[in-house]
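Q: If you're matching them up, the sequences are chains H and R in order.
For the first sequence, the UniProt record's numbering begins at 1 and goes up steadily by one.
For the second sequence, the UniProt record's numbering begins at 1 and goes up steadily by one.
Derived from the structure by calculation, the hints contain no laboratory data.
Where hints are given, some of them may not hold.
[What the hints assert, rightly or not] Only some residues are given here: those of chain H computed to face chain R with a beta carbon under 10 Å:
hint : residue
1    : S41
2    : C43
3    : G54
4    : L55
5    : L56
6    : L146
7    : E170
8    : E172
9    : A189
10   : Y248
11   : A293
No residue lacks a Cβ here, since even glycine has one placed at the ideal position from N, Cα and C.
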Amino acid sequence: MLLNVQNLNVMIPTQGGPLHAVQDVSFSVSKGETLCIVGESGCGKSVTALSLLGLLPKSAKRSASRMTFDGQDMITMSDKQIRALRGNRLSMIFQEPMTALNPLHTLGRQLTDVYMAHRRGNREAARQRAVYLLERVGIAKAAERLGQYPHELSGGLRQRVVIAMALMCEPELIVADEPTTALDVTIQAELLRLLAELQKSMGLGMIMITHDLGLVSRIADRVVVMYAGQVIENALAKELFENPKHPYTRALLGSVPDPSHPRMQPLPSIPGTVPSLVQKMEGCHFRDRCAFASEECRVPIPLVGVGAEHVARCIKTGAQAPNARSTAP
Amino acid sequence: MSKDAILSLSNVTHDFGGRRVITGRSPTIRAVEDVSFDVRKGDILGIVGESGSGKTTLAKIMLGLLPPTQGEVLLDGTPIIEMSRKRIAERIQFIFQDPYSSLNPRQSVGQIVGYPLYLRGQENAAERDRKARELLDIVGLSSRFFDAYPSQMSGGQRQRVAIARALITRPDLLICDEPTSALDVSVQSQVLNLLLELREEFGLTYVMVSHNMAVIQHMTTRVAVMFLGRIVEMDTSEKVFGTPQHPYTRLLLNSTLSVNQGAGVPDLNVDAEARHAMRDHPSYVSQRV
Ligand SMILES: Nc1ncnc2c1ncn2[C@@H]1O[C@H](COP(=O)(O)OP(=O)(O)OP(=O)(O)O)[C@@H](O)[C@H]1O
Ligand SMILES: Nc1ncnc2c1ncn2[C@@H]1O[C@H](COP(=O)(O)OP(=O)(O)OP(=O)(O)O)[C@@H](O)[C@H]1O
Ligand code: SF4
Ligand SMILES: [Mg+2]
Ligand SMILES: [Mg+2]
C-alpha cells in the first residue's frame with residue numbers, strides 16, 4: 001500500500017470557533033491505483049489533500065491514528081522530511097494553478113528549479129526534461145514558452161505547466177486537486193491518457209479530487225464521497241455507479257446534466273445548503289437535506305459495510321431510496 | 001448589426017506580445033482573429049473552444065476591459081471604448097474563471113458583494129448590506145459568511161460570492177467565464193437553475209464561456225466554437241450539438257466525458273496532420289443566427 005490514512009482530523013480555528021474541516025477520514029491508495037474524492041464544495045477535499053503534504057495553514061491542527069507513505073510514518077515526520085518528499089516522491093497539482101506558480105519567475109526557471117532541488121544534475125538536463133514534459137502535456141513550441149511568465153498564459157496553459165511541474169521528478173503518488181477543470185475537454189482527455197500511461201509504466205498512484213462525475217466514471221478505481229467533513233461512502237467505482245447507497249451520493253449522481261434532460265429546464269439539485277462545520281454536528285450531517293431523515297438520524301452514524309468493499313454512513317441504505325439516475329428525493 | 005443587439009462585435013482581432021526582451025521583441029500572439037457577431041437581448045450565447053483559443057481575451061474585449069488591436073465593439077450602438085467604466089458596469093457584469101484571484105482578499109464577503117452598489121453610490125451602507133445579504137441568500141451562502149474573508153472559503157463558496165457580486169446591480173448582460181467549473185454538480189445545478197430563473201425574471205442576457213459541453217448544451221440558445229483565435233463554427237445550440245460541421249467541433253464533442261463507468265477515456269489521436277486539417281478547414285458561421 002502506497003498511502004494509508006486512518007482517522008484523519010483537521011481543525012482550523014476561526015473567529016466563530018473551531019472549524020472541523022476533516023472528521024475521521026480514512027482511505028488508502030495502492031501503487032498504480034486511482035482514488036477519486038468527490039463531494040460538495042466546502043466539504044473538506046482540499047484540506048484533506050493539503051494535510052497529506054504538510055501544507056495546512058499554520059493555525060490548523062491535524063491528527064490521525066495512522067498516516068503512512070510507502071510504509072514511512074508521516075505523522076512524526078519533520079517539516080524537512082516532508083519537504084524532501086513533496087515535489088519529489090509525492091507531487092501535488094493544485095486546484096488553482098497560480099498558487100503553484102511564482103508570478104515573478106519564468107516557466108523555465110520554475111520547472112528546472114523543482115528538478116534541481118531534488119535531483120542532482122545540471123540545469124541543461126532539467127531544461128530538456130521540462131521541454132519534454134511540456135510537449136507531453138500538449139504545449140506546442142515548448143522551448144519558446146520557457147521564457148514566458150505565468151500571466152502570459154491562458155488558464156488552461158498554466159494548468160498544463162503545473163501538471164508538467166508535478167511530473168518533473170517522476171513521483172510515486174500524485175495528489176491532483178481539480179486538475180482539469182480549467183482545460184478544454186480534448187486536452188483533458190489527452191492528459192488523462194498520459195497519466196494513465198504513467199500509472200501503468202511507473203506504478204504511479206493517484207488521488208484525484210474532482211466535481212466531474214463523468215471523469216470519475218472513466219478513470220476511478222475507487223471512489224470516496226465526502227459530505228460536510230466526513231466520508232459518507234467509499235466503494236469500488238463500478239459498485240458506486242451501479243449501486244450507490246447513500247442518499248447524498250444518489251442525489252449527486254442525479255444532478256449531472258445530460259442530454260436526455262429537457263434543455264433550459266431546471267436541473268435536479270439538492271435543496272438547502274451544507275451545514276456549518278464550525279460547531280460539531282451530532283448525528284447525520286446530511287439530515288437537514290435528506291428526504292428519509294427521521295429521529296434515529298440524530299445520533300452519530302457510523303460507516304457500515306453495505307457490500308463487498310463498500311461502506312456508507314447511513315442507517316437507511318436499504319430499499320426505499322430511489323435509483324441513482326432519478327431526481328433527488 | 002441587428003436592432004435588438006446589446007453588443008455587436010465587428011472584425012475584432014487582438015494581438016499580445018511585442019514585449020521587449022533582451023533579444024529584441026518577443027513574438028506576437030494572435031489571441032483573437034477577425035471575430036464578428038451580435039449578442040441579442042435574451043440570448044444565452046455559449047462560447048466553447050480549445051484552451052488558449054482566445055475565449056477569455058474575447059470576454060475581456062466584450063467588457064471593454066481590453067481595447068482590441070483591430071475592429072470594433074458597440075454597446076447599444078456606442079463604441080464601448082468611448083464609454084466610462086461606470087456606464088458599462090450598469091449594463092454588463094461579469095463572473096471570471098478563477099474565483100481565487102478575482103476577489104479582493106482584504107475585503108470581507110459582505111463588502112465584496114456590496115461593492116458594485118458602493119461604486120454606483122445610490123444606496124447607503126445599511127441598504128447595501130441588506131441587499132448583499134439578500135444576494136448571498138439567493139446564491140445559497142448562509143449569512144455567517146457575510147463577515148468572512150475569501151481566504152477562509154472553499155473554491156465553490158468563493159465562486160458563489162462572485163456570482164452574488166455580479167448580480168447585485170441587476171445588469172442586463174452577464175458575461176460568465178467558466179461560472180460553474182469550481183462547483184460540484186449539485187451546486188452547479190442550483191446556480192444554473194438560478195441563472196435561468198433570473199433570466200426569466202429580469203430578462204437577462206448571458207454570454208457563457210465553458211469547457212463543460214453538457215452545461216453549454218443545456219443552457220445556451222446559440223454556440224460559438226473557437227479554435228486558434230477564430231470562430232470556426234457558430235449556430236443555434238441544437239445545430240452545433242446535433243449536426244456539428246467543423247472537425248474541431250466534432251473533436252470537442254467526442255472528447256466529452258459523460259457518465260459511463262468503465263468506458264475509459266477516448267483515444268483522440270490528434271496528430272499534427274489532424275491539427276493542420278482542422279486549421280485549414282473552412283468555418284461554418286450560420287447567417288441566420
Ligand atoms: N484557511 C482556512 N481558514 C478557515 N477555514 C478554511 C480555510 N481553508 C478552508 N476552510 C474551510 O474548510 C472547509 C473545507 O474547505 P476545502 O477547501 O477543503 O473544501 P473543498 O471540499 O475543497 O471545496 P471545493 O470543492 O469548493 O474546493 C470549508 O468550509 C472552508 O470554508
Ligand atoms: N497578457 C497576456 N500577454 C501575452 N499573451 C497573452 C496574455 N493573455 C493571454 N495571452 C495569450 O493569448 C492566447 C489566448 O488566451 P485566452 O486567455 O484568451 O485563452 P482562453 O481561450 O480563455 O483559454 P482557457 O480556456 O485556457 O482559459 C493564449 O495563447 C495566451 O497565452
Ligand atoms: S442517516 Fe438518516 S438523514 Fe442521514 S442520509 Fe441516512 S436516512 Fe438520511
Ligand atoms: Mg477544494
Ligand atoms: Mg480562459
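Q: Identify every previously stated hint that the structure contradicts and give their numbers, smallest first.
A: Structure breaks hints 3, 4, 5, 6, 7, 8, 11.
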